[in-house]
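Peer 1: Sequence:
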Amino acid sequence: VLFRSIEFYHPDDRDMVGALVAEGMESGSGFSFEARIITARNNLIWVRAVGNPVHENNELVGLRGVIQDITDRQQAVNSLKESETRYRTLVEHAPFCIHEIDLDGKIISMNQSGLKMLDLEREEQVLGATYLNSVAEEDRDRIGTLMQRAFEGHESVFEFPGSDESDPRYFSSCFVPIKGKDDTVERLMGLCEDVTERKLAETELVKHQNHLEDLVSLRTEQLAESQQHAEDASQAKSAEHATIKIGRAHV
40 VLFRSIEFYH PDDRDMVGAL VAEGMESGSG FSFEARIITA RNNLIWVRAV GNPVHENNEL
100 VGLRGVIQDI TDRQQAVNSL KESETRYRTL VEHAPFCIHE IDLDGKIISM NQSGLKMLDL
160 EREEQVLGAT YLNSVAEEDR DRIGTLMQRA FEGHESVFEF PGSDESDPRY FSSCFVPIKG
220 KDDTVERLMG LCEDVTERKL AETELVKHQN HLEDLVSLRT EQLAESQQHA EDASQAKSAE
280 HATIKIGRAH V
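Every position in the sequence shown, counted from 1, becomes a number in the working numbering once 39 is added.
It should be emphasised that the hints constitute simulated quantities derived from the structure, not laboratory data. We put the CB at the ideal spot given by N, CA and C, even for glycine. Watch out, some of these pointers could steer you wrong.
So the derived label-pair ranges between C-beta atoms look like this [as the list claims (entries may be wrong)]:
| # | residue 1 | residue 2 | range |
| --- | --- | --- | --- |
| 1 | Ser-256 | Ile-217 | 35 to 41 Å |
| 2 | Arg-188 | Ser-66 | 55 to 61 Å |
| 3 | Val-234 | Val-89 | 54 to 60 Å |
| 4 | Val-89 | Ile-217 | 16 to 22 Å |
Calculated cross-link-like contacts (lysine-lysine; reagent style DSSO-like; alpha-carbon spacing at most 30 Å) [to be verified]:
| # | residue 1 | residue 2 |
| --- | --- | --- |
| 5 | Lys-155 | Lys-220 |
| 6 | Lys-238 | Lys-120 |
| 7 | Lys-218 | Lys-145 |
Work out the full structure: start from the sequences and follow the hints.
Peer 2: Here is the structure:
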């Protein structure tokens, strides 16, 4: 009966089912597997089949099987796998660094953009590294405080300079708490972008603005001095004319 029932299984699963049932009969250990069945209405369902040995007079006389419909669970599993695949594809092809940090502050994953940002080739080169070591020393207390708040469930967005003084770089990043089923934080996700060019452009812009302000201030002083000289000259000329008039009047 067991072997005839194999005909109900999906063609791609029949060899596996037949082999497990035969092995369970031969060894007397039974079987347990998950497979697809095609129903009489031509519907595809997932089942979990368990076969337990049946003994009479200490002899194996057969297997007693139980089948459980696990279609809903399997569909949920498949959906989760598809979702994880889409998520992983998105992460791997994102144009910015995406990384995860465990509760000890260690990096436990990083995508290709992040590795490229750090001039690394393999993820193994960064796994287990302390996240705060990538931050300039003068900013570690500040970023460490934000990390601790993230472990408590609070998101944050921040910028910081890198720790490599020979290659000054600036980054914009964030901490996103990832919670488990019990609503406690299990790890952090970080999204980091190299903003060095923007930061340098901002610095140059500030320098340019300061230079313009200095020029305007200098020019304003020069104009004020010129105006004062003109006023002084005008007053002196007026005084000279007045002196001449008084002298003529006396004559």
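Peer 1: Hint by hint, work out which the structure violates, then give me just those numbers in ascending order.
Peer 2: Hints 1, 4, 5 and 6 contradicted; others consistent.
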